[in-house]
Amino acid sequence: MIKQEENNIESERKIVVPGEIIISGNDFLPGEGTRREGRDIVASRYGLAEISGRLVKIIALSGIYMPRRGNVIIGKVNDITFNGWVMDINAPYLAFLPAAECPRFISKDDIASCYSIGDMLVAKVDNVKSKGVDLTIKPKGLGKLDDGLVIQVNSNKVPRVIGREGSMVNLIKQETNCDIVVGQNGIIWIKGNKIEDELFAKEVIMFVTEKSHLNGLTERVEEYIRKRK
Amino acid sequence: MSYTKRPDGRKFDETRKIKIQLGVVPNADGSALFAFGDTIAIAAVYGPKPLHPQHLQDPSKGIVRCNYDMLSFSVSERKRPGPSRRSSEISKVTEWALSNVINLEEFPNTVVDVHIQVIQANASTRVAGINAASLALAQAGVPMKELVAAVSIGKIDDKICVDLIKEEEDYEDGEGATDIPMAFLPKSGEIVLIQLDGKTSPEKLREAIEAGEKACREIAKKQEEALKEAKG
Amino acid sequence: MVSNLTKSRIIEYLNAGKRFDSRGVFDFRDLKIETGISNHAEGSARVKLGKTEILAGIKIGTAEPYTDSEDAGVLTTTAELSPLSSSKFEYGPPGIESIELARIVDRGIRESGMIDFKKLCIKEGEKVYSIYLDIYPINHDGNLIDAAAIASVAALLTSKMPKVDDEGNVQFGEWTNKGIPLTKNIPTTLTFYKIGKHILLDPVIEEEESSDARVSIAISHDKKPMIHAMQKGGYESFTKDEMFKIIDEAAKKSKEIFNQINKQVKVENE
Chain A
1 MIKQEENNIE SERKIVVPGE IIISGNDFLP GEGTRREGRD IVASRYGLAE
51 ISGRLVKIIA LSGIYMPRRG NVIIGKVNDI TFNGWVMDIN APYLAFLPAA
101 ECPRFISKDD IASCYSIGDM LVAKVDNVKS KGVDLTIKPK GLGKLDDGLV
151 IQVNSNKVPR VIGREGSMVN LIKQETNCDI VVGQNGIIWI KGNKIEDELF
201 AKEVIMFVTE KSHLNGLTER VEEYIRKRK
Chain B
1 MSYTKRPDGR KFDETRKIKI QLGVVPNADG SALFAFGDTI AIAAVYGPKP
51 LHPQHLQDPS KGIVRCNYDM LSFSVSERKR PGPSRRSSEI SKVTEWALSN
101 VINLEEFPNT VVDVHIQVIQ ANASTRVAGI NAASLALAQA GVPMKELVAA
151 VSIGKIDDKI CVDLIKEEED YEDGEGATDI PMAFLPKSGE IVLIQLDGKT
201 SPEKLREAIE AGEKACREIA KKQEEALKEA KG
Chain C
1 MVSNLTKSRI IEYLNAGKRF DSRGVFDFRD LKIETGISNH AEGSARVKLG
51 KTEILAGIKI GTAEPYTDSE DAGVLTTTAE LSPLSSSKFE YGPPGIESIE
101 LARIVDRGIR ESGMIDFKKL CIKEGEKVYS IYLDIYPINH DGNLIDAAAI
151 ASVAALLTSK MPKVDDEGNV QFGEWTNKGI PLTKNIPTTL TFYKIGKHIL
201 LDPVIEEEES SDARVSIAIS HDKKPMIHAM QKGGYESFTK DEMFKIIDEA
251 AKKSKEIFNQ INKQVKVENE
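Residue numbers (the working numbering), protein chains in the order written: chain A, 1 to 229; chain B, 1 to 232; chain C, 1 to 270.
Hints in this document: simulated from the structure, not taken from any laboratory.
Incorrect hints may have been included.
[What the hints assert, rightly or not] So the derived label-pair ranges between C-beta atoms look like this:
#1 Gly24(C) x Leu196(B): 56 to 62 Å
#2 Pro26(B) x Ile11(C): 33 to 39 Å
#3 Arg103(C) x Arg85(B): 26 to 32 Å
#4 Ala16(C) x Val72(A): 27 to 33 Å
#5 Arg85(B) x Asn170(A): 55 to 61 Å
#6 Gly31(A) x Arg80(B): 47 to 53 Å
#7 Gly31(A) x Glu89(B): 37 to 43 Å
#8 Gln260(C) x Ser24(A): 55 to 61 Å
#9 Lys129(A) x Pro26(B): 30 to 36 Å
#10 Ile11(C) x Ile21(A): 52 to 58 Å
#11 Glu209(C) x Glu219(A): 35 to 41 Å
#12 Pro26(B) x Gly24(C): 20 to 26 Å
#13 Gln171(C) x Arg86(B): 21 to 27 Å
[Said to hold, decoys possible] The calculated lysine-lysine pairs, modelled on BS3-like cross-linking and capped at a C-alpha distance of 27 Å, are:
#14 Lys19(B) x Lys194(C)
#15 Lys211(A) x Lys61(B)
#16 Lys57(A) x Lys61(B)
#17 Lys191(A) x Lys18(C)
Virtual Cβ for every residue (Gly too), placed ideally from N, Cα, C.
Please model the complete structure; the sequences and the hints are all you need to start from.
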């Protein structure tokens with residue numbers, strides 16, 4: 001995806017509305033958010049149409065978070081069932097974390113001792129089914145979040161907050177001295193040694209989301225940080 | 001004496017000035033304001049999101065719920081707050097119109113809630129609401145076949161007029177006023193909403209429908225422009 | 001999604017004298033007031049307090065007076081908390097939140113004597129003016145009560161009385177040049193929220209949801225501060241000291257908000 005961005009030609013990406021013909025031709029494949037109608041590939045949702053090779057798809061610019069396999073997200077435990085935790089991940093579906101995912105051994109009667117209602121967890125989307133999303137916390141770096149500030153941004157802006165290969169979030173971490181975890185679902189966790197640092201990190205992140213559509217975002221953010229310091 | 005001039009000087013096939021603003025309700029997943037002149041409606045869309053209680057869920061696809069209401073002070077004579085029979089009916093025909101283009105097969109057991117409020121009324125309120133809702137749904141990223149555009153067509157005496165104002169709705173001379181709100185799908189040309197009250201011949205009704213389709217295509221262009229300018 | 005982490009963080013910040021969005025504890029967010037936003041209303045206002053947006057509108061009709069005040073006009077205040085403005089609300093008959101909000105706003109206006117009800121009498125015992133104040137949030141990001149109170153006052157200040165025919169019936173769509181008969185006692189309502197041991201004003205939604213108690217105070221400032229209404233809400237308690245501090249701050253702060261209202265609202269009637 002990143003290479004594509006670098007070779008990107010203006011005309012290969014345009015904002016489309018539902019029902020709009022993106023491109024015509026039997027060679028093209030209708031990807032996410034698009035459909036084929038005769039020879040045409042038509043938009044089925046509002047967003048940025050991207051043509052890479054033969055694949056045509058829509059990149060969302062707005063709207064709710066759609067979970068994808070492999071996404072790292074931050075969610076909140078809403079409910080405890082007999083075999084796991086039901087979590088709110090700010091998506092069209094509730095997510096489920098099976099009891100077996102608890103990092104230490106617990107008995108089935110003891111599920112609440114691992115994670116309780118209200119706990120915030122960083123987890124990975126393991127599977128997206130029609131009834132819901134399955135989560136895992138086995139991979140490194142996942143698990144319960146302690147302490148820290150949790151904020152919510154538009155999930156569509158997350159790629160900008162993370163930046164190319166993490167460049168933006170790393171810049172913010174460095175300049176604010178904070179540990180930051182960005183969930184693909186728009187939930188972000190910030191932890192710093194000083195309150196001022198956490199609030200500063202929050203402000204910089206909000207700045208990024210407000211100016212996300214502008215060019216030269218990195219320079220703008222660097223200047224914003226300089227001014228505020 | 002035929003109806004030869006509109007009170008605001010518009011051409012018979014001309015809508016009032018259209019104003020569109022996106023994102024007017026930050027809490028919503030998508031929202032928009034749509035105005036025909038001084039008829040102003042806002043719509044806010046929340047979803048797709050989990051639907052509770054469970055017995056309302058549809059395991060084959062998500063459902064759409066619509067609620068249309070008018071602010072009590074949006075009209076001349078105060079409308080008592082709360083649902084009325086009129087607003088319930090408009091909510092339902094709006095839901096039918098919008099559901100036609102919405103595809104929630106990828107979102108079983110969820111709901112998309114569409115909330116419409118009329119802030120200021122000068123006739124054509126339900127169609128302004130549908131136009132606002134169509135934009136809000138698009139901004140919310142709800143999967144849609146295409147946009148929905150709506151307009152009120154009237155037969156005032158014997159003239160087919162586009163985008164009625166209240167003064168025209170109340171016209172009593174000659175054949176009086178027949179109010180025909182309609183909604184079209186701009187690409188496919190299909191009709192997803194049509195209502196009528198008044199008195200008209202089949203020929204005039206056909207003429208009204210043609211006028212409606214043309215006006216809706218123009219309205220859809222404006223919706224498209226606004227969405228493209230907003231960039232999300 | 002307000003988490004326990006956020007609530008405990010908010011309290012930690014407050015312990016260090018800082019707020020979640022970097023304001024001082026008694027600082028209001030950016031306040032914008034627009035009037036005349038709905039042309040069929042006798043008066044109307046849109047208030048934006050940060051991202052909270054609320055509309056208030058006035059419709060005036062005529063009615064029979066209440067039997068215990070046959071020479072006075074009538075005020076009815078309603079709030080409709082639509083799910084359009086927040087996923088916290090649901091459709092249905094007015095819940096306690098909307099009822100309480102309307103009553104708090106109403107009490108401030110009524111008890112301050114802002115409206116000269118006796119001047120709203122058309123024919124004693126038979127016909128009086130009836131003022132309807134209706135409040136609608138458009139986006140809920142905390143502190144609906146105070147935003148609603150500001151919008152209501154702004155709408156009342158800029159209303160125009162409708163024309164009434166000889167039989168005392170309102171002529172829809174026609175207005176006089178006169179405003180609603182008002183006095184100089186204009187109320188400002190401030191709601192103080194308690195989070196842990198901290199008291200603050202104008203919370204954003206995360207702060208409001210983290211709070212355990214609140215108290216709303218309506219004050220007017222004709223010659224000196226006068227308190228007209230109070231309402232404590234929430235399960236937690238206030239100490240006497242906390243309450244005294246709140247009352248002092250209310251007297252100071254309400255003048256500031258009142259000045260802002262005056263600055264932004266062109267009062268056309270005397």
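Here is how each hint holds up against the structure:
1. Gly24(C) x Leu196(B): 56 to 62 Å: Between Gly24(C) and Leu196(B), where Cβ atoms are some 59 Å apart, the hint holds.
2. Pro26(B) x Ile11(C): 33 to 39 Å: violated (26 Å)
3. Arg103(C) x Arg85(B): 26 to 32 Å: Holds - the Cβ-Cβ distance for Arg103(C) and Arg85(B), about 28 Å, lies within 26 to 32 Å.
4. Ala16(C) x Val72(A): 27 to 33 Å: The hint (27 to 33 Å, Cβ to Cβ) holds, given that Ala16(C) and Val72(A) are roughly 31 Å apart.
5. Arg85(B) x Asn170(A): 55 to 61 Å: holds (59 Å)
6. Gly31(A) x Arg80(B): 47 to 53 Å: holds (50 Å)
7. Gly31(A) x Glu89(B): 37 to 43 Å: Taking Cβ atoms as reference, Gly31(A) and Glu89(B) lie about 40 Å apart, which means the hint holds.
8. Gln260(C) x Ser24(A): 55 to 61 Å: holds (57 Å)
9. Lys129(A) x Pro26(B): 30 to 36 Å: holds (31 Å)
10. Ile11(C) x Ile21(A): 52 to 58 Å: Since Ile11(C) and Ile21(A) have Cβ atoms about 54 Å apart, the given range 52 to 58 Å holds.
11. Glu209(C) x Glu219(A): 35 to 41 Å: Hint holds: Cβ distance 37 Å, inside 35 to 41 Å.
12. Pro26(B) x Gly24(C): 20 to 26 Å: Since the Cβ atoms of Pro26(B) and Gly24(C) sit about 24 Å apart, the hinted range of 20 to 26 Å holds.
13. Gln171(C) x Arg86(B): 21 to 27 Å: At roughly 24 Å between Cβ atoms, Arg86(B) and Gln171(C) fall inside 21 to 27 Å, so the hint holds.
14. Lys19(B) x Lys194(C): violated (42 Å)
15. Lys211(A) x Lys61(B): violated (36 Å)
16. Lys57(A) x Lys61(B): Satisfied, since the Cα-Cα distance of roughly 22 Å is no more than 27 Å.
17. Lys191(A) x Lys18(C): holds (16 Å)
Violation of the numbered hints given earlier is confined to hints 2, 14, 15; the remaining hints are satisfied by the structure.
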